[in-house]
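K.L.:
One letter stands for each residue in the lines below.
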Amino acid sequence: MTELKAVHERKHVWRNEFLLIISLIVFVGVVYALDGALKPVFTTSTLLLTGVFLALVPAAIWLVFFYMQDRLEPEPKGYVLGVFALGALFAAAVGVPLVENVFRVSHWIYANTTATILGGILVVGFTQEFLKYAAVRYSIYHSNEFDEATDGVIYATAAGLGYATVLNIQFVVSNGGVDLGTGVIRMAVVALAQAAFSGITGYFLGRAKFESEQIWWMPLGITLAAVFNGTFNWLRGLVSQTSVSLSGAAANPWPGLALAAIVAFATTGVVLWLVRRNLSVQAGK
Amino acid sequence: MENKKVSLGDRYAEATVFIVTVIALLAGWFYKSSVENSSIPFNVEGISAQAPKGWLQSQPAGDELLRTTDRSSSGFNTTYILRKVPLATDTPAAQVASLLTLSHGQDLLAFRVLDQREVNVFDKTAYEISYVYVESNPDLTHKNIPSIVRGADYIFVNGNYAVVVSYWADEKNYDLDLSRFHLFLESISY
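Protein sequences appear in the order of chains A and P. At position 125 of the first sequence (counting the first as 1) the number is 128 in the numbering used here, and the numbers step up by one without a gap. At position 132 of the second sequence (counting the first as 1) the number is 133 in the numbering used here, and the numbers step up by one without a gap.
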C-alpha cells in the first residue's frame, strides 16, 4: 500500500510553493507601499510588536494555502504544525545560539569573500540544513503519515518556515524593531530562501524513505542545501551592497528580494521536475 | 502516529548525515580560528608585534605606537593599544602602574581598578592592572547607549622605557576575545 502511494504526487504541494513565492512578493509590495504612503509613527513597543507580527506572516501565508488546498488529499495538519514548531524550536534552542554565540559568525564571516562563502556553507549552511532535516527525520519521517515522496518537501518546508520565523523574530528583537519597508523585505527574503533550501532537503528525504538509496544520498542532500544556502547569502550580500552618500549609508534590499524569488522559483522548479521524473520512472517499472 | 521499524541502512544513513555535519562544523571552526587569528607584522621604534589582520589601525601618535580596533565586535569595539613610555632608569613597574591609573582616572569615565599585581606573561615579568570604565559613545553613529568596558594593561619595564599593552573590550565580549589578545601579547618583542 505504501509503495503504491509513494508513486503518487500531491500536486497542491507545488501550487503552494509557487503561491508562497508570489504572495510574499505581493505582501512585501503592499507593506512597502503602505509604509511609504501612511508613514506610520510607532512607539518602541508597537514597533517591536509589528515586527514580530510581520515575522509570522510568511509562515502563515504558506499554512493558509496548505490548509485551503489540502482538502482533497489531506495531510494531518497537526503534524505539519508540529514540524513547523520543531523547526522553530531547533532554530531558537540550537541554531541561533550555535551560529551567533559559539561560532560568533558576525565577527569574522565578512572578513573577505572566501570567509563569507566558506563560513556561510560550513557553519551557517550546515547548521541550518541539519536542524531542518532533524526536525523532519526525528518526528514524522518514520510514521505512516509520511507516505509519499512529496511529503518530504511538505514537512521540510514547514520546518524551514519555522526556522525562518525564528530568524526573523530574532532579527526584530535584537534590533528593537525594524523599519517596516526594509524589514519586511528582509523577512520575505529569509522565508523564501529557507523554504527553497528546505525543498532540496525534503526531496532527498522523500527519496531516502521510499527508495533504497546509497548511504551517501542524504549527506549529499544536506551538503547541496548547505552549499546553496551559503552561496545564496554571499550573493545576496553582493547584490544588496551598501551605498554611502552625503546623506548617510543605505543598503538597497530589493535586489536581494529579486534574487531570493528567482532562487525559490528555480529551486522549486528543479525539485518539481526531479520528483516528476522520478515518479514517471517508477510508474514505468 | 504509528512508527515503523528503523532499518540498519536507515541507521547508517542517519549516522553518516551526523558525521558529515560534525566534520563540516569542525572545518568551519578551524577556518574561523584561522581568519580570527590571521595577523600582519608591525614594527615601530624597535617594538614589533603581530597585529590582527582586518582591524582598523591608527597611525602612531605621541607615546602610542599602535591602536587597532575590531570594527565587527558588538557594543564597544575591542581595541588593543601599544605604547612606549620613556622612564627614568630603575623606575619600578608598580610606579608606572600608579601613573597609568592616575591617567586613566582623568581620561576614562567611571574608571575603577579591579585588581593589580605582578604577573608572568609568556616568560616575561609584567605588571597587570585590571579595570573597568564606561564608554559614553561606543558607536560613531551615536545610536548606542553607553557601554561598560573592561580593560587590562600589561606593563613591561625595559631599562629606560616601559612597553604598555592595553586590552579594551565590551564587558560582554571581554572573556570571548581574550584568547585573541593573548596571541597579540605573545607576539610582542622589544
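If you are wondering where the hints come from, they were derived from the structure by calculation, not from laboratory data. Each residue gets a CB set at the ideal place from its N, CA and C atoms; glycine is no exception. Among the hints, a few may not be true.
[Claimed, not checked] Among the chain A residues that face chain P by a calculated CB cut under 8 Å, a handful are:
#, residue
1, W17
2, W111
3, L121
4, F133
5, W220
6, L241
[Stated by the list, open to error] Coverage of chain P stretches by chain A, computed from C-beta distances (three or more under 8 Å per stretch; other residues unrestricted):
#, region
7, 65-79
8, 108-120
K.L.:
Each hint should be assessed against the structure and marked as holding or not.
P.N.:
Evaluation of the provided hints:
no., hint, in the structure
1, W17, "violated (26 Å)"
2, W111, "holds (5 Å)"
3, L121, "holds (5 Å)"
4, F133, "holds (4 Å)"
5, W220, "holds (7 Å)"
6, L241, "violated (18 Å)"
7, 65-79, "holds (count 4)"
8, 108-120, "violated (count 0)"
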